[in-house]
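Asker: The primary structure of each chain is shown beneath.
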Amino acid sequence: MNNSSHSAATVYVPRDSAARSVGADEVAKALQRAATHGDFAIDVVRNGSRGMLWLEPMVEVVTPQGRVGYGPVAPSDVEGLLAAGMLDGADHPLRLGIVDELPWLARQTRVTFARVGVTDPLSTRDYLEHGGLVGLRAALERAPADVVTEVTESGLRGRGGAGFPAGIKWKTVLDCADELKFVCCNADEGDSGTFADRMVMEGDPFLLIEGMTIAAQAVGASEGYLYIRSEYPDAVATMRAAIDIAREHGWLGKGILGSTLDFDLHVRVGAGAYICGEETSMLESLEGKRGTVRAKPPIPAIEGLFGRPTVVNNVLTLATVPVVLADGAQAYQELGVERSRGTQVFQLGGNIAHGGIVETAFGVTLRELVEDYGGGTFSGRPVRTVQVGGPLGAYLPTSMFDLPMDYEAFAAAGAMVGHGGIVVFDDTVDMAAQARFAMEFCAEESCGKCTPCRVGSVRGVEVIDKIVAGQHRDENLALLEDLCDLMTDGSLCAMGGLTPMPVRSALAHFPDDFLGGRRLLEIQPVQATGPRTEGTA
Amino acid sequence: MTTSGSDVTVEDVVRRVVAGHRGQRGALLPVLHAVQAELGHVPQEAIPVLADALNLSRADVHGVVTFYHDFRREPAGRTTVRICRAEACQALGAEDLVGYAREAGLTLGETTADGSVSVEQVFCLGNCALGPSVEANGRLYGRVGPAQLGSLLNGTVSS
Numbered sequence: 000m001n002n003s004s005h006s007a008a009t010v011y012v013p014r015d016s017a018a019r020s021v022g023a024d025e026v027a028k029a030l031q032r033a034a035t036h037g038d039f040a041i042d043v044v045r046n047g048s049r050g051m052l053w054l055e056p057m058v059e060v061v062t063p064q065g066r067v068g069y070g071p072v073a074p075s076d077v078e079g080l081l082a083a084g085m086l087d088g089a090d091h092p093l094r095l096g097i098v099d100e101l102p103w104l105a106r107q108t109r110v111t112f113a114r115v116g117v118t119d120p121l122s123t124r125d126y127l128e129h130g131g132l133v134g135l136r137a138a139l140e141r142a143p144a145d146v147v148t149e150v151t152e153s154g155l156r157g158r159g160g161a162g163f164p165a166g167i168k169w170k171t172v173l174d175c176a177d178e179l180k181f182v183c184c185n186a187d188e189g190d191s192g193t194f195a196d197r198m199v200m201e202g203d204p205f206l207l208i209e210g211m212t213i214a215a216q217a218v219g220a221s222e223g224y225l226y227i228r229s230e231y232p233d234a235v236a237t238m239r240a241a242i243d244i245a246r247e248h249g250w251l252g253k254g255i256l257g258s259t260l261d262f263d264l265h266v267r268v269g270a271g272a273y274i275c276g277e278e279t280s281m282l283e284s285l286e287g288k289r290g291t292v293r294a295k296p297p298i299p300a301i302e303g304l305f306g307r308p309t310v311v312n313n314v315l316t317l318a319t320v321p322v323v324l325a326d327g328a329q330a331y332q333e334l335g336v337e338r339s340r341g342t343q344v345f346q347l348g349g350n351i352a353h354g355g356i357v358e359t360a361f362g363v364t365l366r367e368l369v370e371d372y373g374g375g376t377f378s379g380r381p382v383r384t385v386q387v388g389g390p391l392g393a394y395l396p397t398s399m400f401d402l403p404m405d406y407e408a409f410a411a412a413g414a415m416v417g418h419g420g421i422v423v424f425d426d427t428v429d430m431a432a433q434a435r436f437a438m439e440f441c442a443e444e445s446c447g448k449c450t451p452c453r454v455g456s457v458r459g460v461e462v463i464d465k466i467v468a469g470q471h472r473d474e475n476l477a478l479l480e481d482l483c484d485l486m487t488d489g490s491l492c493a494m495g496g497l498t499p500m501p502v503r504s505a506l507a508h509f510p511d512d513f514l515g516g517r518r519l520l521e522i523q524p525v526q527a528t529g530p531r532t533e534g535t536a
Numbered sequence: 000m001t002t003s004g005s006d007v008t009v010e011d012v013v014r015r016v017v018a019g020h021r022g023q024r025g026a027l028l029p030v031l032h033a034v035q036a037e038l039g040h041v042p043q044e045a046i047p048v049l050a051d052a053l054n055l056s057r058a059d060v061h062g063v064v065t066f067y068h069d070f071r072r073e074p075a076g077r078t079t080v081r082i083c084r085a086e087a088c089q090a091l092g093a094e095d096l097v098g099y100a101r102e103a104g105l106t107l108g109e110t111t112a113d114g115s116v117s118v119e120q121v122f123c124l125g126n127c128a129l130g131p132s133v134e135a136n137g138r139l140y141g142r143v144g145p146a147q148l149g150s151l152l153n154g155t156v157s158s
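Protein chains in written order, with numbering that gives the first Met the number 0: chain A, 0 to 536; chain B, 0 to 158.
Careful, some of the hints might be misleading.
Here are some of the chain B residues that sit facing chain A, going by a computed Cβ distance under 7 Å [unchecked claim]:
hint : residue
1    : Gly25
2    : Leu27
3    : Gly62
4    : Tyr67
5    : His68
6    : Asp69
7    : Ala90
8    : Leu91
9    : Asn126
Label-pair restraints from in silico Cβ distances [stated by the list, open to error]:
hint : chain 1 : residue 1 : chain 2 : residue 2 : range
10   : A       : Asp488    : B       : Arg24     : 30 to 40 Å
11   : B       : Gly137    : A       : Ser398    : 41 to 51 Å
12   : A       : Ile167    : B       : Thr8      : 46 to 56 Å
13   : B       : Gly98     : A       : Asp488    : 30 to 40 Å
14   : B       : Arg142    : A       : Ile167    : 51 to 61 Å
15   : A       : Gln31     : B       : Gly137    : 40 to 50 Å
16   : B       : Ala146    : A       : Glu78     : 56 to 66 Å
These aren't lab readings, by the way, just hints derived from the structure by calculation.
Since the model is a prediction, treat every value here as computed from it, not as a measurement.
Ideal Cβ placement from N, Cα and C applies to all residues, glycine included.
With these hints in hand, go ahead and build the complete structure from the sequences.
Answerer: Structure (structure tokens):
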């Protein structure tokens, strides 16, 4: 894609869909136009995103000193930037400095995200030059049981939310005698506030392929499925392209890298059902059925896809495996605290000034993430609460911001780390409305199989409405508590089982919001509604 | 029924799509996506053909088509706009966008009578650090305010 001339400057413009959502394609086009006109010699490379999403589109220029960043760049800025000498890393109001030295990035421990934003995602040369396939080669030289042991000893836990030790799951599949086994990657990243899976798939797709191939080698699987939600068309396209390239290079297919391993991988696209992020529901969907939850046992590791032993892991779990194999369990294990080992990829979203990806060892506090990295709210108003771990996670007040990010510490506080998504809200948020939404969302997205979830969520909305309206408040609060108990204990899966978590945390930490009408009186509008445009239908 | 501008029937399309997915395990979802990509929706008359071609019951196929939000039973408008209403976008005023669409006479989940625009809700487009997010005709937009939503709804795209 580059090397049209040796004197041409290499300029990186992200192809990540977050960057594209704010104009990265137009910036890339403007740069290419300048190159075509012959005024400047530019090779435009579309990389993944570095994860500093508030700076997108962030353009990087390769200079002898390192990659110099400029951002956020609008298409109309391109001409001025080029004239100012951007290609030599010259000064400009949008100049950010040497990207690797930016404190926001330099403070992080990028393990899973080491290559994301650095390389051209579909370049095999970039992948190999930046340590790609080292983990897979190491795995292929070892017995499957040794690979499983390495993963177990690393302490790697499922990054999808439940935090189950990956190695133990793999051992169960390895111990099954079946001829046909599957590796399924759950890329149905439906939780609001999470986007790390998407960024890995768009920014470093070979990493996920490598991780799934290592899993196949470890458990003796021959087929893999990657279930990506339909809301991620760019991730689907990038993964499909990467799989084709991997097949051409012998990284997938028969006799991978000259070994005896046969493994092929298929992308399947979801169809807009949140519940398909639940592993058994995803398996049903992969089988071409309604995405209803299965009762466990049997666990998928023993009877999974089409009744066969199946590894089901999240994108980040599988994408971390190559690093564990490449650097050894010990190196990974040394990061983190207590029983939460390694790094977690935190995702800062919602009303936040500096949103994006913060990959760091477990044990970092919420305050460091929200205030130091996040820089407070986007609106400039005080932070009132954060929701951690997606729509089924707890709302935490600022008084709990010293809580360390660690699976057990969060569980003890009635919250969950989940997939590491953190959504920030300012002081205009109405927590009764958020609690109501949790129930409403559950009602909308419930698969309908079990009654506590299907009916409980509808009743939950009604009861919260009555509480806010002041109808028999004490009785209805007691009823809501009872309903939450029932949903927690009686639901088949985490959808109904965890919906009470945001509801209860909102009630516990922000009881005044449930008195009705209070916030309408106290809160000034954040900003006036923008101008209307004519003829919108 | 024939699809617009040709003599190809729904049955022809469905049978061709199914033939193209032979050998795939549990192929119904990929088949439905492909049918919808060709026809713009999954028409009622496709269901018995799918059942026959895939050796499933009509009830099974109907159950799957109606379970997933993505599969349309009727064609969408020429412009399809999806507004994210999940928490991260709520925190930045997604409800203002929904209110804007409502004031413009549009109902979530419906297509205008003239077939020009369909407005839908979606729960998370994975752009949670740059919300509120809106998707228009498959393209993602971040930091969308009411003015930009207006032009997206009009089909006059601004970025």
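Asker: Now, for every hint given, state plainly whether the structure supports it.
Answerer: Taking the hints in turn, this is what the structure says about them:
{"no.": "1", "hint": "Gly25", "result": "holds (4 Å)"}
{"no.": "2", "hint": "Leu27", "result": "holds (3 Å)"}
{"no.": "3", "hint": "Gly62", "result": "holds (5 Å)"}
{"no.": "4", "hint": "Tyr67", "result": "holds (3 Å)"}
{"no.": "5", "hint": "His68", "result": "holds (3 Å)"}
{"no.": "6", "hint": "Asp69", "result": "holds (4 Å)"}
{"no.": "7", "hint": "Ala90", "result": "holds (4 Å)"}
{"no.": "8", "hint": "Leu91", "result": "holds (5 Å)"}
{"no.": "9", "hint": "Asn126", "result": "holds (5 Å)"}
{"no.": "10", "hint": "Asp488/A / Arg24/B: 30 to 40 Å", "result": "holds (36 Å)"}
{"no.": "11", "hint": "Gly137/B / Ser398/A: 41 to 51 Å", "result": "holds (43 Å)"}
{"no.": "12", "hint": "Ile167/A / Thr8/B: 46 to 56 Å", "result": "holds (53 Å)"}
{"no.": "13", "hint": "Gly98/B / Asp488/A: 30 to 40 Å", "result": "holds (38 Å)"}
{"no.": "14", "hint": "Arg142/B / Ile167/A: 51 to 61 Å", "result": "violated (43 Å)"}
{"no.": "15", "hint": "Gln31/A / Gly137/B: 40 to 50 Å", "result": "violated (23 Å)"}
{"no.": "16", "hint": "Ala146/B / Glu78/A: 56 to 66 Å", "result": "violated (25 Å)"}
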